[in-house]
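Engineer: Using the sequences plus the hints, can you model the full thing?
Numbering (the numbering used here), first residue to last: 22 to 135.
Hint data in this document are derived by calculation from the structure and do not stem from the laboratory.
Since the model is a prediction, treat every value here as computed from it, not as a measurement.
Hints are supplied without guarantee of correctness; some may be wrong.
Said to hold, decoys possible - 30 angstroms max Cα-Cα, derived DSS-like pairs, lysine-lysine: (1) K102 to K91; (2) K91 to K106; (3) K72 to K91.
Unchecked claim - Simulated restraints on C-beta separations: (4) V95 to T58: 29 to 39 angstroms; (5) V95 to K116: 15 to 25 angstroms; (6) E60 to K94: 29 to 39 angstroms; (7) N97 to E60: 34 to 44 angstroms.
Even glycine gets a Cβ: it sits at the ideal position worked out from N, Cα and C.
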Amino acid sequence: MRKIIYIALIAFLVSCSPSKKELFELTDFFVESLQTTYESYGILGGTDHMKITSDGQYQVMPIGRLINVKILKVVNNDVYKDLEKDLEAHYRNDKRVNGVYISNAGTIMIDCRN
Numbered sequence: 022m023r024k025i026i027y028i029a030l031i032a033f034l035v036s037c038s039p040s041k042k043e044l045f046e047l048t049d050f051f052v053e054s055l056q057t058t059y060e061s062y063g064i065l066g067g068t069d070h071m072k073i074t075s076d077g078q079y080q081v082m083p084i085g086r087l088i089n090v091k092i093l094k095v096v097n098n099d100v101y102k103d104l105e106k107d108l109e110a111h112y113r114n115d116k117r118v119n120g121v122y123i124s125n126a127g128t129i130m131i132d133c134r135n
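Structural biologist: Below, the structure written as structure tokens:
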């Protein structure tokens with residue numbers, strides 16, 4: 022039984038891509054900054070704070086008290102739905118985040134509004 026649990030744990034850790042790990046670090050940074058540094062990034066102020074993962078796969082940009090996550094390559098809606106589920110799971114028990122959803126523009130929004 023221990024071997025099965027150990028193998029399952031290793032498989033889980035390996036399955037989390039380095040790119041998503043960096044994405045989660047960026048989104049965590051912005052979520053935290055909305056609690057400690059900024060009341061809001063403003064409507065246009067987020068462009069000054071926009072970050073792109075080192076592999077160029079994701080763009081993260083704060084807008085007001087929302088955090089916009091965009092995939093920088095052409096993908097189908099299923100990829101965005103999978104990323105939405107990953108971000109929902111990441112922030113499931115985080116009281117600072119009200120929700121994660123796909124916006125009308127097709128990107129993912131992390132809602133940190135009061």
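Engineer: Would you mind marking each hint as holding or not holding in the structure?
Structural biologist: Do the hints match the structure? See the list:
As the CA atoms of K102 and K91 are separated by approximately 12 angstroms, the hinted pair is consistent with the 30 angstroms bound. For the proposed pair K91 and K106, the alpha carbon gap of about 14 angstroms is at most 30 angstroms, so the pair holds. Distance restraint check for K72 and K91: the Cα-Cα separation of roughly 11 angstroms lies within the 30 angstroms cut-off, and the hinted pair is therefore satisfied. About 34 angstroms separates the C-beta atoms of V95 and T58, a value consistent with the hinted range of 29 to 39 angstroms.
Hint check: V95 to K116, Cβ distance near 35 angstroms, so the stated range 15 to 25 angstroms is violated. Checked against the hint of 29 to 39 angstroms, the pair E60 and K94 passes, with Cβ atoms roughly 33 angstroms apart. At about 37 angstroms, the beta-carbon gap between N97 and E60 stays in the expected band of 34 to 44 angstroms.
In terms of the numbered hints stated before, the structure departs from hint 5 and from no other.
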